[in-house]
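Novice: Reminder that position 76 of the sequence shown reads as 76 in the working numbering, one-by-one numbering, no gaps.
No wet-lab data here; the hints were simulated from the structure.
A portion of the hints provided could be inaccurate.
To be verified - Straight-line C-alpha distance at most 30 Å; calculated BS3-like pairs for lysine-lysine:
id, residue 1, residue 2
1, Lys12, Lys32
2, Lys32, Lys49
3, Lys39, Lys70
4, Lys54, Lys23
5, Lys81, Lys70
6, Lys70, Lys12
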Amino acid sequence: MAQSIVPKRAEKAMAIFSQLGVKCSEQDFKAKFKELFPKDWQRVIQAYKEHEEKDRNKKSKGHPMPNLEKYLSNMYKTYLKEVNSSEA
């Protein structure tokens, strides 16, 4: 099984929602992630760069990792759904 780029991603997302509330904006979520977890943000950047380099060397159709902001956007949307469903 592949290791996640951000270890304990769910816990970190939930920590952000507990600080900002579930009504926080996606932009606020992204900013708070970068503030609270700078090492993890650097891991995301590094992983993206590695995917880009592999892709450049292979001249393929692209790599499966979304761009950096999209990665955090996906994280926000995934865990927002989880938070909302657990509150229902």
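Novice: With reference to the structure, classify each hint as holding or not holding.
Specialist: Consistency of the hints with the structure:
1. Lys12 <-> Lys32: holds, 10 Å
2. Lys32 <-> Lys49: Holds, at about 22 Å.
3. Lys39 <-> Lys70: Satisfied, since the Cα-Cα distance of roughly 18 Å is no more than 30 Å.
4. Lys54 <-> Lys23: Violated, at roughly 38 Å.
5. Lys81 <-> Lys70: holds, 16 Å
6. Lys70 <-> Lys12: holds, 17 Å
Hint compliance for this structure: hint 4 alone is broken.
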